[in-house]
Amino acid sequence: MHLALWLVAGALLANLTLYVLTGGADYGSGVWDLFAIGTRADAQRELLTHAIGPVWEADHVWLILAVVILFNGFPAAFARIMTAMHVPVTLMLIGVVMRGSAFSFRGYGLGDDRARRRWGRMFAIASLITPLLLGVIIGAIAAGRTPANPARLSDFITPWMTPFCFGVGLLALAMFAYLAAVYAAAEAADPALAADFRIRAMVSSIIVGLIAGAILLLSINGAPLIWNGLTRRVWTWPIFWLTTVAALAALWALWMRRFALARICAAAQVALILWGWALAQYPYLLAPDLTIFNAAAPPRTLAILASALAAGAVILLPSYGYLLRVFKRHQRADRIVMAARREPETR
Amino acid sequence: MAMSLAFHIVFACVGIAMPLMMVVAEWRYLRTGDEVDLLLARRWSIGAAIMFAVGAVSGTVLSFELGLLWPNFMRWAGAIIGMPFSLEGFAFFTEAIFLGIYMYGWDRVSPRAHLAAGAIVAASGVISGVFVVIVNSWMNTPVGFRLVNGRPEEINPIATLTNPAALHETVHMTIAAYCATGFVVAGIHAAMWLRDRDNLFHRRAIAIAFTIGAIAALLQPISGDASARAVARLQPVKIAAFEGLFQTGPHAPLAIGGIPDLKARRLRYAIELPSMLSVMTYHNPDAVMRGLDSFPEKNWPRPLIAVHLAFQIMVGAGFAMAGIALWGFWLWLRGRGIFASPWFMRTLMLATPLGLIAVEAGWVVTEVGRQPWIIYGVMRTADAVTPMPGLDITFALYSLLYLFLGVTVAFLMWRQVLESPTSEEIVALMASGG
Numbered sequence: 000m001h002l003a004l005w006l007v008a009g010a011l012l013a014n015l016t017l018y019v020l021t022g023g024a025d026y027g028s029g030v031w032d033l034f035a036i037g038t039r040a041d042a043q044r045e046l047l048t049h050a051i052g053p054v055w056e057a058d059h060v061w062l063i064l065a066v067v068i069l070f071n072g073f074p075a076a077f078a079r080i081m082t083a084m085h086v087p088v089t090l091m092l093i094g095v096v097m098r099g100s101a102f103s104f105r106g107y108g109l110g111d112d113r114a115r116r117r118w119g120r121m122f123a124i125a126s127l128i129t130p131l132l133l134g135v136i137i138g139a140i141a142a143g144r145t146p147a148n149p150a151r152l153s154d155f156i157t158p159w160m161t162p163f164c165f166g167v168g169l170l171a172l173a174m175f176a177y178l179a180a181v182y183a184a185a186e187a188a189d190p191a192l193a194a195d196f197r198i199r200a201m202v203s204s205i206i207v208g209l210i211a212g213a214i215l216l217l218s219i220n221g222a223p224l225i226w227n228g229l230t231r232r233v234w235t236w237p238i239f240w241l242t243t244v245a246a247l248a249a250l251w252a253l254w255m256r257r258f259a260l261a262r263i264c265a266a267a268q269v270a271l272i273l274w275g276w277a278l279a280q281y282p283y284l285l286a287p288d289l290t291i292f293n294a295a296a297p298p299r300t301l302a303i304l305a306s307a308l309a310a311g312a313v314i315l316l317p318s319y320g321y322l323l324r325v326f327k328r329h330q331r332a333d334r335i336v337m338a339a340r341r342e343p344e345t346r
Numbered sequence: 000m001a002m003s004l005a006f007h008i009v010f011a012c013v014g015i016a017m018p019l020m021m022v023v024a025e026w027r028y029l030r031t032g033d034e035v036d037l038l039l040a041r042r043w044s045i046g047a048a049i050m051f052a053v054g055a056v057s058g059t060v061l062s063f064e065l066g067l068l069w070p071n072f073m074r075w076a077g078a079i080i081g082m083p084f085s086l087e088g089f090a091f092f093t094e095a096i097f098l099g100i101y102m103y104g105w106d107r108v109s110p111r112a113h114l115a116a117g118a119i120v121a122a123s124g125v126i127s128g129v130f131v132v133i134v135n136s137w138m139n140t141p142v143g144f145r146l147v148n149g150r151p152e153e154i155n156p157i158a159t160l161t162n163p164a165a166l167h168e169t170v171h172m173t174i175a176a177y178c179a180t181g182f183v184v185a186g187i188h189a190a191m192w193l194r195d196r197d198n199l200f201h202r203r204a205i206a207i208a209f210t211i212g213a214i215a216a217l218l219q220p221i222s223g224d225a226s227a228r229a230v231a232r233l234q235p236v237k238i239a240a241f242e243g244l245f246q247t248g249p250h251a252p253l254a255i256g257g258i259p260d261l262k263a264r265r266l267r268y269a270i271e272l273p274s275m276l277s278v279m280t281y282h283n284p285d286a287v288m289r290g291l292d293s294f295p296e297k298n299w300p301r302p303l304i305a306v307h308l309a310f311q312i313m314v315g316a317g318f319a320m321a322g323i324a325l326w327g328f329w330l331w332l333r334g335r336g337i338f339a340s341p342w343f344m345r346t347l348m349l350a351t352p353l354g355l356i357a358v359e360a361g362w363v364v365t366e367v368g369r370q371p372w373i374i375y376g377v378m379r380t381a382d383a384v385t386p387m388p389g390l391d392i393t394f395a396l397y398s399l400l401y402l403f404l405g406v407t408v409a410f411l412m413w414r415q416v417l418e419s420p421t422s423e424e425i426v427a428l429m430a431s432g433g
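Chains as they are written, first to last, in numbering that gives the first Met the number 0: chain H, 0 to 346; chain C, 0 to 433.
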């Protein structure tokens with residue numbers, strides 16, 4: 000029973016991590032699409048589009064899997080989050096739908112330039128709002144502000160209307176943009192484009208650091224559980240120093256233009272921030288009462304879920320690896336014509 | 000939720016069946032080197048990709064909505080039905096991965112690997128659809144737990160996968176997806192062909208799509224018959240509602256059309272075929288069919304008229320498509336083929352929406368037919384809903400969103416169709432590439 004519980008909880012965290020590192024970066028790309036400026040704005044957009052085009056749908060499924068694991072393995076927690084967070088989750092879903100459909104309408108739409116620009120604008124704005132709301136929801140979970148029996152309308156709004164929650168929202172947005180910029184710098188074939196994204200990556204790295212510091216201070220009042228977890232646990236300092244080292248190494252690698260290394264360090268940094276949050280609120284899923292132990296599904300369900308996850312991973316991970324190898328191995332992704340978009344007279 | 004599902008089911012069907020068509024076209028190209036097949040595979044893949052993207056995001060909304068709207072259902076049943084959902088997650092993931100490879104990998108992987116990627120998309124689409132329908136069938140015939148003081152105990156998630164309704168529901172839905180998509184695609188291409196009758200592109204498209212749709216349409220009555228008999232056994236109140244059968248008794252008539260009159264407790268204005276329902280269900284005219292009068296009124300599916308009419312529409316559309324399929328096979332057997340008969344092609348064009356109508360009606364049949372239960376015989380829908388006030392706003396918001404998406408997708412598809420190649424362009428392509 001215990002092994003299965005740990006496997007399921009671990010799979011949930013692993014899924015969230017992979018979602019943030021891949022799907023999160025896809026949202027970040029939308030943010031840079033919105034802020035594409037300068038003489039190379041169109042080239043920047045093209046690079047971002049080709050970087051996320053083949054992978055965004057697969058990346059997005061990490062989130063669906065995380066939700067499925069949550070409601071299968073921890074149904075009580077799922078029910079409470081979805082009840083109490085009804086409003087921000089609904090808004091986030093609208094963002095998800097807008098982002099995804101606008102992106103594919105732009106890509107496959109065969110429309111004229113004006114229509115495509117409009118879809119691009121919608122894609123970019125949705126990419127900005129969705130991570131913000133995702134962060135707000137995570138912030139409310141971290142702060143233990145998900146009422147067990149919400150009844151009045153205000154119970155559905157006030158819990159997440161706090162500086163701490165919006166701080167986490169901004170942090171999510173900044174982290175996603177940071178990841179996207181680092182990845183884009185690594186994937187750009189044109190040195191001028193790589194330089195554009197290098198600057199963006201370095202600036203957003205600093206912003207991530209500032210917001211993370213601000214959130215730590217906000218958590219003293221806003222999320223005491225997190226504050227205590229971050230400051231008074233055995234693993235506090237190792238995690239803190241590892242995160243700092245990864246952040247500085249990523250900055251250094253960006254400075255030295257060693258983008259492949261920067262990509263690894265930035266991913267490690269973001270993953271560590273996520274794990275820091277998870278460890279800080281361990282063993283709670285939803286403070287003050289739901290833990291991973293008392294919100295868990297019955298042992299038999301957990302055991303079967305764990306085996307299903309293991310079996311699924313055997314199929315999934317090689318396939319996903321194949322996808323990344325096909326599209327991310329060559330660093331010149333931006334030079335490949337999006338074959339499906341144009342007519343096959345090129346063939 | 001109903002809104003999202005009604006919307007999602009269209010995209011899911013096309014997402015299940017369209018990849019098969021594009022793979023068939025690409026396979027033909029690899030075998031014969033015919034450029035028309037390649038062009039078709041590429042055009043269809045774009046349609047499939049738009050549909051998949053919208054299906055993927057609307058599916059995401061659904062996975063959240065389960066909790067947003069039915070938290071008590073999920074708290075209660077999450078541990079039981081999570082299993083098919085997790086497996087569906089993996090199947091869907093595989094589909095997304097290989098669709099990415101298919102769409103963007105034309106010149107990055109070998110032709111065989113590319114075709115294989117398409118085949119995996121087609122297969123995993125079917126598998127993920129099957130798992131979702133298994134959840135629905137479980138809601139109709141819940142198993143895999145024991146009720147102890149209103150809570151589920153001794154949960155067995157594996158039993159969920161083999162619940163009594165799983166087999167007939169999944170077969171019926173999968174065939175419906177191929178049938179509906181086959182007819183939509185064939186119908187649209189038929190409309191284009193009627194304007195440009197030498198067009199090889201549309202000819203080839205119709206040949207592939209109609210073959211798939213017609214085979215499915217001929218299989219569907221068999222599957223439908225099996226489903227109806229299973230429902231009569233498992234959920235007798237549901238079949239009584241389908242048929243608008245109020246009185247219990249032998250020689251139950253089969254009603255065609257008609258409006259159930261709740262006050263008089265009888266079906267008005269229907270054509271009734273004596274004893275046919277007993278014969279169809281039990282192969283015996285003397286068999287007793289349970290009518291609505293043998294169930295407490297609070298357990299009747301409501302609104303009754305919706306269930307009855309939707310059932311009639313589904314069956315009617317299904318038989319119409321089976322008839323068109325037979326007509327097509329007859330023309331083919333006579334050797335001149337369907338393209339020699341403009342009347343057949345016009346009918347095919349008019350039949351474009353039939354499959355989707357049948358799918359939507361069938362969805363009403365199974366969902367409204369299960370009311371007032373969310374889990375048949377176990378949990379009432381009213382007890383499962385979220386306490387969140389102002390749900391109308393949420394509902395209106397989603398409705399607007401889907402309306403917007405639906406119109407946009409229809410517009411984009413329309414544009415796709417308008418931009419399809421003319422017969423002159425096909426000739427030029429053959430001359431240059433062939």
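The set of hints was computed from the structure by calculation and includes no laboratory data.
Some clues are possibly wrong.
Covered stretches of chain H (in silico footprint by chain C; criterion: 3 or more residues with CB under 8 Å from a CB of chain C, positions within the stretch not fixed) [unchecked claim]:
#1 62-74
#2 280-287
Stretches of chain H that chain C covers, calculated by requiring three or more beta carbons in the stretch to come under 8 Å of a beta carbon on chain C [what the hints assert, rightly or not]:
#3 48-56
#4 302-310
Keep in mind it's a predicted model, so treat the numbers as computed, not measured.
Ideal placement from N, C-alpha and C gives every residue a C-beta, glycine not left out.
Consistency of the hints with the structure:
Counting residues of the region 62-74 of chain H whose beta-carbon sits less than 8 Å from any beta-carbon of chain C gives 10, enough to reach three: the coverage restraint holds. A count of 0 residues in the region 280-287 of chain H with a Cβ less than 8 Å from any Cβ of chain C is obtained; the coverage claim is therefore unmet, three being the minimum. Coverage of the region 48-56 of chain H by chain C holds in this model, with 4 residues showing a Cβ closer than 8 Å to a Cβ of that chain against a need of three. Against chain C, the region 302-310 of chain H contributes 4 residues with a C-beta closer than 8 Å to a partner C-beta. That satisfies the three-residue criterion, and the hint holds.
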